[in-house]
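Each protein sequence line maps, in turn, to chains A and B.
Each residue of the first sequence is one higher than the last, beginning at 1 in the numbering used here.
Each residue of the second sequence is one higher than the last, beginning at 94 in the numbering used here.
No lab work stands behind these hints: they were computed from the structure.
Computed from a prediction, not measured in an experiment: that's the story for all the values here.
Among the hints, a few may not be true.
Between beta-carbon pairs, the in silico distance windows are [unchecked claim]:
| no. | chain 1 | residue 1 | chain 2 | residue 2 | range |
| --- | --- | --- | --- | --- | --- |
| 1 | A | 74 | B | 238 | 48 to 56 Å |
| 2 | A | 18 | B | 310 | 39 to 47 Å |
| 3 | B | 256 | A | 15 | 45 to 53 Å |
| 4 | A | 8 | B | 347 | 22 to 30 Å |
| 5 | B | 256 | A | 25 | 41 to 49 Å |
| 6 | A | 15 | B | 559 | 52 to 60 Å |
Stretch by stretch, here's where chain A covers chain B in the computed footprint (C-beta under 8 Å, at least three residues) [to be verified]:
| no. | region |
| --- | --- |
| 7 | 255-262 |
| 8 | 282-292 |
| 9 | 1064-1072 |
The C-beta atom is built at its ideal place from N, Cα and C for all residues, glycine as well.
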Amino acid sequence: MNHAYGEPVDVQSREDGRPTRFVWRGRLYTVLAIVEHWVINREWWQQPEDEPRLPELVFWRVEASAGQGMVIGVYELRREMATNTWTLRRATD
Amino acid sequence: MHPFVHLHVASSYSMRYGTASPSALAAAAEERGMPALALTDRDGLYGAYKHAHACAAAGLKPVLGADLRVAPVDGLGMRDSRITVLAVGKTGWASLCRLVSANAAQDMRAPIAAGPGLVVLLGPDSDVGQAVAARRADLAAAALYRWHDVAEVVVEITDNRGSGDTARARRMLALARETRTAAVLTNAVRYLDPADSPVAQVLDAARRNMPLGAPGLPPHNGRAHLAGTAEMAAVATAIAGEADAAVLLRDTLELAQRCYLDPAADLGIGTRHLPHMSGDLRASCEQGLRGYRGDLPRARERLGHELAIIMATSLAPYFLTVADVTRRIRSNGIRCSIRGSGAGSLVNHLLGISVIDPLAHGLLMERFLSSTRETMPDIDLDVESARRIEAYRIILSAFGEASCATVVMMETYRARSAIRDVGAAFGLPPGEIGAIAKAFPHIRAAHIGSALTELPELRDSRLSMPQLTAMFRIAERLDGLPRHAAMHPCGVLLSDATLLDRTPVTRSADDLPLSQIDKDDAETAGVIKLDVLGVRMQSAIAHALTQIPGRIDLDSIPLDDEPTFELIRSARTIGCFQIESPGQRELVTRVAPRNLADLIAEISLFRPGPVNSDMITPFVQVRRGEQEASYPHEDLREALAETGGVVIFHEQVLRIIDTMTGCGLAEADRVRRRIDESARWFAEQAAARGYDEAVVDRVWQVLIAFGAFGFCKAHAAAFAIPVYQSAWLKRHHPAAFYAGVLAHDPGMYPKRVILQDARLAGVRVLGPDVNASATSWIRTACVSRPALRVPVSEIRGITDAEAARIVDGQPYRSVRDFWERARVARPVAERLALVGAFDSLHERSCPRPTRRDLVARIGVLDRPVQRQALTLDLDLDGDGFGFDELVPAGELRDLDPAERVGAELDILGFDISQHVLGFYDDLLRDLGVVRSASLRDCPPGSTVLVAGVKVAMQTPAVRSGQRIVFATLDDAVGLTDLAFFESVQDRCAATLFGSWLLVVRGRVRKAAPGAATVNATDCWDLRELDVIRARDGMAAVLAAMTRDPATGPASRARTAGAQKPALVYPTGFAHSRFAETGAPGAPLKSPPREQWTLSQPGRLAGLRGIGTNRCQGDHHGTSPQLR
């Protein structure tokens, strides 16, 4: 089932940005594999801002599970580089 | 880990695509520890020599290539694709240049056959890459095999982390493996750092003419940056896994190494490639000596000296080339004169390149060329502007396209153009973008932000809204980025036959060959750059000469004509070359030139430095005998006597240095160029010659203080000749002179100022007449007085073809005769009628048709139905047209004086029948306005009111760094020059910039005997005052002119500590950042149409009401209502 969300999540990532674990709705998920990874600029021109900030939105589509024996789902995580906040955008399980 | 070399890199010379300069890229690559860097700009090699230079400076090996557009292959049905081509060695570089030339010639389709020494990279944008993206591995392989047949190809793997990019990269790598094609990794670089990607994004939007976020634009991220080695290794691993990634990186490095170029051996840098000229320089100079009119023994000695220098620098072909060019241009009847330090060379004089005898003016060869000079000298030629292209074609046909091309010039983004492109990208409405852009002066894009906060005329506008802030901020980042490659307005490259192996050549808009070398690269590339400048004054002089009966050889007139110098001294120099500006007219009355030498000094002194420091006063005082000349040391008397002890010329600096140190003039010129580093050397050398410390110190102070302000005397001497010639013409053949100046508009003032000056000199101005006008300004006579005839070409909207037809078909018997034979567009015919061009056809008609009648008749003539009736009609007379509808003469009210002038301003751009200001005579009299001619009688410091038409405005650099706005008003009697200092700009800026007719209050500043200027304290729009007067009377006008400073529109408080935004040079000269860097005053050449035609409520009946609509006005003189 494919759901779209948009909820903030806490993500732990490696030095190169690759997420390793994340907490969503109280559960800790471990990232098992990277399915896809891409980057796009947000619509920086829509938001007048005092200080120019990094415009990138970094996406990771990952396979993850909440623990051994738990179902492996595909989750799309988005990181907004300007604010360094993560959002869970989609989940398929 | 293998070091990584970027092989696919776009710099800012990929116009409106790349964002970083070659030097910035090279510096960044060096910082990231890379051994080499490629430059592969899109569709051109404009940055190649700069890249080679930057890599050398950064210790990197250069690689050169190009990213070229390729036509879709028939049958595959894909859109245009792109390939990257790299050059291997000297052969590859020549092949690359020729490939880029061919690609441009065929409308950017790369021929399938690439030359020897080239490697083709097929990346995501290639037809192979597009097929891979579409998951058509079969098509991709087929395309790849086709490429293998025509060139050495390599698959280019790129992953910029867009959606799907990594998967596509993997498929490309698989394809490479399957087809046994080598593969390399690149990053398709467009910017230095991820944070720069918004600039690239905006450029894409601007280039594609779409707003940001439009669906047709590709998505952006920050990944196409100059990534470091570690990051590229990670990219490779993510695509290929560790083992294969290592192979990919190794192969990338190996290809890079194959493509390393040696600047000297492969690019020819450091060697000169001059045209081969037959002929012997010495013999040609000996020939020239036969006509020499000066001191022959001295000339021989000097010739020997100069020839030794030329031989030592191997530059004989250079001089022979330039002499050849000059001779060919002149033999076609085109005026051609030298500009610059080259006038200091006797060889140039003997070869006929320069009319100036350097020995007569104490000019030095070493200032132009010496054995110590490392770069090639610069000879510039001035030719008639109207025949400049012709001059280029003459040079081209003489040297051939394998050896000659024009220099390219990059138009770069400045404030206005950046705002236009970024505004469009942000989706602002076009009208608003235009208004915002025009609100800014001609400043650099980088200064947009400061201009918004500091310029009074911008601060009070609505431009600080947050929505616009992001736009302005990005616009600033476009500063200096090339937008467009244009033909440099003056530069020509001359080379041996290998030019096309060193630069691509495309065709300019005028179908001239356009190189991709700019003026700075010419030296690197080892070719001659000759500047052939089109100078409007030369065209004006040429035209003037055609208006003088009998032939005058202007280049042979005596250079000591007293009446000419008298004209110059009295500042009656409107229209003259270089000396017509307010500042020049003021200076010329102070310096009071009596001969050519004085004129040379005057030209040298008229620059911000000397004007605002104290150089002019002592110079003038010594000349007038009010003061004794003083010299820092008696030994320097010989060098400084001509200027009364004041150091004005570079040549004097050379002589001083040589006298004090004995180093010779060649070394002295080198020292002059590095004066800041030479203090100790100078002190030591001078001491060794026996000068005591106090003297050495004093002389050094003079040399240093002089630093920014000196001028090359040879340059001034070359300039002085056309200055003198234009003044001579004005004095002795004024009508012809004015005709020339009006025809070619060389100066800073609008034509109406020139016409007014002509009238004041006793030359009549006759309006356009279809039977008497020519296609250009001509001198004619009226009641045995000299007169000027306005040409038909001055009619707004007329085409050259129409003007030519009118003149060819003269004389005309009637309006109908004109309409049938001249065949001009109806609006043009109507305008001719409104300015009276048909009046002479009806002088004996009774009743005489008014101009409005004539416009109505034209309307009737234009009707298609009537044309049939016309062919049947045999009545070819002026009246009695034989039309069904007869428009009786005199029924339509004629134009009143205000309407006439309005029509003249609208249609011709100048007022003929009456001076525009004449309509306000009553108001100006009641206000007590002082006319310009009477200002000189006002005591300095007194407060006056002046008024006039704004004809010039400048914001030149001034020493103190303050921004002063200079304006010139024409009040029918003459010109008044005004200065608006920063303290008054707040309250005056809006009116000063926005109005065309002004009343100004200020204090008279006595600058020199006879030329007074006014320091403005307040200004008003004259039309508005006139409206108030008509409505409420003079009392209301005076009330309106009394201002309460506290209620002024802008805050007047300037915090005492506010820093002035000045640029400070090492010599202490401070230059306001907003001093206009463009040509001054240009926008005022035409009267702003909307400001005049609506300015006379109650008098102007709306000229739109003329024609087929009858005017509704009252015929008895009361004012019709403005529509």
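These are the hints, each one checked on the structure:
1. The hinted range of 48 to 56 Å is not satisfied by residue 74 of chain A and residue 238 of chain B, whose Cβ atoms lie roughly 38 Å apart.
2. For residue 18 of chain A and residue 310 of chain B, the Cβ-Cβ distance of about 29 Å falls outside the hinted range of 39 to 47 Å, so the restraint is violated.
3. For residue 256 of chain B and residue 15 of chain A, the hinted distance range of 45 to 53 Å is not satisfied, since their beta carbons lie about 24 Å from each other.
4. For the hinted restraint 22 to 30 Å between residue 8 of chain A and residue 347 of chain B, the CB-CB distance of approximately 47 Å leaves it violated.
5. For the hinted restraint 41 to 49 Å between residue 256 of chain B and residue 25 of chain A, the CB-CB distance of approximately 27 Å leaves it violated.
6. Checked against the hint of 52 to 60 Å, the pair residue 15 of chain A and residue 559 of chain B fails, with Cβ atoms roughly 37 Å apart.
7. Judged by the Cβ-Cβ criterion of 8 Å, the region 255-262 of chain B is covered by chain A as claimed, because 6 of its residues qualify and three suffice.
8. Residues of the region 282-292 of chain B lying with their CB closer than 8 Å to a CB of chain A number 4, which satisfies the three-residue condition for coverage.
9. Note: the region 1064-1072 of chain B has 0 residues with beta-carbon separation from chain A under 8 Å; the three-residue rule is not met and the coverage is violated.
In summary, the structure is inconsistent with hints 1, 2, 3, 4, 5, 6 and 9 from the numbered list given earlier, while agreeing with the others.
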